[in-house]
Amino acid sequence: MATLTKTESISPMRERKNLPLAIPASIVLNIATIAMSVLLALNVFDLDEFYALGDTVQYFVGGIALVPAVAAAAAIILLIMKNPNGRFLSLTLHFLGMTASSIYLLHIWGIFAGFDAIAGALYENSAWLWGLVIAYALYWLAGRLNNSKLLSSRIEMVAVGIGMLALIGLLFFGGILEATADILGKYDQLETWVATALMIVFGVVAYGMLMLGEYFGETTDQRTAWQGWLMLSPNIIGFIIFFAGPLLLSLYLSFTDSVGVKEPNFIGLDNYSQALSLQFTTQGEDDQYAQDALDAGYRVLETVTVGDKTTVIGAKDVYFWISLRNTFMFCLMLIPLATIPALVLAVVLNSKIPGMKIYRAAFFLPSVAAVVGIALIWRIALYSSSIGFINYALTEFTRFLNATFGTSFADTEIGWLSDTRYMMFSMVLMAAWQVVGFNMVLFLAGIQGIPNDLYEAAQVDGANQLNQFRFITLPQLRPTTFFVIVTTIINGLQVFNEPFVLFRGAAFPDEVRTAVLNLYLRGFQDILFGYSSALAWMLFAIIFAVTLIQFRLNREKTA
Amino acid sequence: MMQKEPTHELKVWASRGCIHLFLLTFGFIMLFPFIYMILASLKNNQDFASNPRRLLPFTQLDTAFQDTQVPLYSFNVNGDERDAVIASGDDDKVEFGYLTTRVALEAELKLDNHANARRRPEVFLALPIGWVTSDGTEVELDKTSDAEITLSRADTKVELTDRNNRTNEFTAYNLMMDGQAQSTTLTLYDITVPLFAYSGSRLKGDEWVLVNTGREETLLDKEGNDRGYLVFELRSGDSAQELLMASNSTVTAFVDPEDINFVVYTSPAETVKAAEKIEFQLRNYDTVLGRGEDQSLKLDRPLVNTILVTISVVLGQIVTSVFGGYAFSRIDFKGRDTLFLAYLGSIMIPFVVLIVPMYKLMVAIEWNDRIVSLIVPWIFSAYGTFLMRQFFVTFPKEIEEAALLDGCSRLRILWRVFVPLSTPVIATQAIFTFLYAWNSFIWPLVIISTNNKDNHVLTLSLITLSNIHADKPNLVLTGAAVMILPPILVFILAQKYFVEGITSSGLKG
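The listed protein sequences correspond, in order, to chains A and B. Position 455 of the first sequence, counting from 1, maps to 607 under my numbering, and the rest follow consecutively. Position 296 of the second sequence, counting from 1, maps to 337 under my numbering, and the rest follow consecutively.
Excised from the complex, chain A in its bound form (with noise of 0.2 Å):
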């Protein structure tokens, strides 16, 4: 509260003092900015093909290109009729004009491509590395000794010493010089003079206008604010490029038709209709077979015979309905698979037993592992029809039983991953033994947030273990129950490494095709980059739903 009447007590004895140099500089920098934004303008307008985008994006594009040409010309009005607004938006322009030469003068050096040649001199030099690795756990030691300050600094030094040799070797011999001489190359071209300047013009004159507070009459919640907002750039800047511009683009495009590198048509809603489009009729007398009572363009999805009629639905996608059917399939398998094993391990791991968290740790290790590698294994191991240990104790278990009890128990060797009557289900075991451990923490979480004395009335009343289960965990959990089926449907609906690398082959099997499978082979095999779009935000729309009808449940019981 100090701090704000003393500025407040300064800032209306504005002292008109001779014109600040920042500010003819800011209003010749927005100048030359209006200059920039309306050539950008121009060239995006030019371009023959917009990356394939169509008409629409590029005058979107292009529009947003004269923004800062607006902005420009109200900052200069602005500061010349010596409005702080005009600061503050000479500010944004010039830090923005700052970062986008500074991210353009890194274009020009080579640095985003750079990263390859990085990993690459990183491949090399591998060795040095293990010094920055060796430096890291005798730092990490150092840390450890408590007892002996002097022993402990001791090895720091050592190890920061490690740690700097490896550094420079891996820097010197990984080929800095090289990388410095060839950025230095680069200005041999104008461009990267100019950006070079640009971001400095930039970054001084902003400097300058930022330096101007006083004689703009800046309040404290003015200071803060622009603060605020220098502090949150790096995420608004990497917010807008690499979600929400996507995020309209892949709204426009699914409203395209747009193919590969072809430029793509507007069409409206027909993605979305030819995904959803389904015929329902009767297979009549002259129908041979049930495609033949269908319209043309659609393909029999399912065939339901009562009695002497036969239904006969077509769609127009069938791959859409497939899909979703099985993403549906594999939720609602999931559920039940993936929760009540979780709720039962946190329940027996709360009863305080000894090495509860040498159990915990291991049932929480699935969840760490990446799935590519998880499906892997399970392929390799676990589902193979011929070495895989399932059906490998399957075998020993029915001989057991046909040695010990004289049955005759026919030895099945189960297609986990072939017969198409086992796929699904192999897919969501695997699935489940993965997330149950997660669930399992969560549920743990959960029961360690009930307060005891509701456990000790239950003991008061006689209530034996069962019943406080039933009575009181139960009940008590239910936010956190609910919390988790919602996770597992989210996930569940978003499903595609476990398809992806159990049934990797040739083509992948209709019956694994998920809601995510599907629009990856519509979208990067097939190409169709517009229905593929179309296809994601269905798919969101639902996810939307579940994610909505547990919100409203959530205010219900708050509430």
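Simulated from the structure, these hints should not be mistaken for laboratory data. Don't be surprised by glycine CBs; every beta carbon is placed ideally from N, CA and C.
Quick list of in silico lysine-lysine cross-link-like pairs, DSS-like style, CA-CA up to 25 Å:
id, chain 1, residue 1, chain 2, residue 2
1, B, K438, B, K375
2, B, K339, B, K494
3, A, K504, B, K537
4, B, K537, A, K509
5, B, K375, A, K234
6, A, K414, A, K468
7, B, K52, A, K504
Covered stretches of chain A, as calculated for chain B (at least 3 residues, CB under 8 Å):
id, segment
8, 505-519
9, 678-689
Since chain A is already given, all that's left is putting chain B on it; use the hints.
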């Protein structure tokens, strides 16, 4: 009272034991794939498909035999463990004839041979066409020979132990040819171990005589071609039955290297076991990391790429999240909360919605097929920002006010006060980002082309590896271990942050 105490204690112990048994069983299920992955990554290729299935890596021993190193086997006859090597002479492969009934053979011919390749039903009698016996006598049974073979039950029994360590006792039979006793014992056994085989219990009686009738019978096969079969006659007591020689197969001869007269004809999958020792093939890791002869497997470059990508993403995300979280929680300005809501909402959008436009964006700025596309788009994280904000919000306001009055800049406060106090939450975020970056698959799959092996990350290379080396599952699992073990190591070292991270962020979110 004195008697009641111990039973109560017993009850407690019993229930504890049950709980531990349950947890151990479940723990075994959860850990088994990992244990197997590690052990299988240390196996050699032959051992991988061993039957019975076993966990530890075994390597077959070898021995000097006739001036060369040859693989060593062992067999167990009558409880006697004997060494064996594959006899290398030309005569040491022996043909066995399988005799079957005409009806069974006709039925067999109608079936598709490929579909039933594994079945050999209705074999009535399998008989070596020529063999060497334990005492070195040679017996010849030529297809055209019309010798009369007599088999009569002997008083002795023979015990054989198969690879599954099941010992079975078999009746021995004496063999006579044309009434002349052969100093040989034959054993009735399952058809897959054709020392001398028969099917089921159809051979009744103690003595049979088998005679080659010299006739040939012609049957039609599935394609309608003629096929000729030799006809034998099997007599037992008064009954006689005609059998056809359906097929013959080659059986390997094993000899004891110390005593080359001791020969056993068998298929190596059955009574003969490879003599083995436990040996960990650390070489597999060298091979997979490109230090072996086979250069097509290299995972070392992808490993370096994955490390670079992961470290960059983790560092970048922490920096942006700390800044963002600080601004969203500690700096009050107009529009902040609206912005935060919008930012938070973005968490709900699944990545699949962005995958096509992101691909297009990367193509437009020429980042496709480059490692940078795996890093830069991922260093901005709404979730991480949210996590940091939730933590920073809990700090008392006085910290900043005092520091600001002292003339500290915001950056200084952030660096000197907030970051040191936030190590747990930063560690949590770092670990989850690490896992996310290390394990990510769909984005690299889309953006890095299959041919550009230099820019592959581990997930991609592993898929390639499993495709081109499907016949070397031990190496595929070694690759999986290279990818899975680092996250597991991180998990073991930083376990408490995992649990904290899930429980603190998960439920509140």
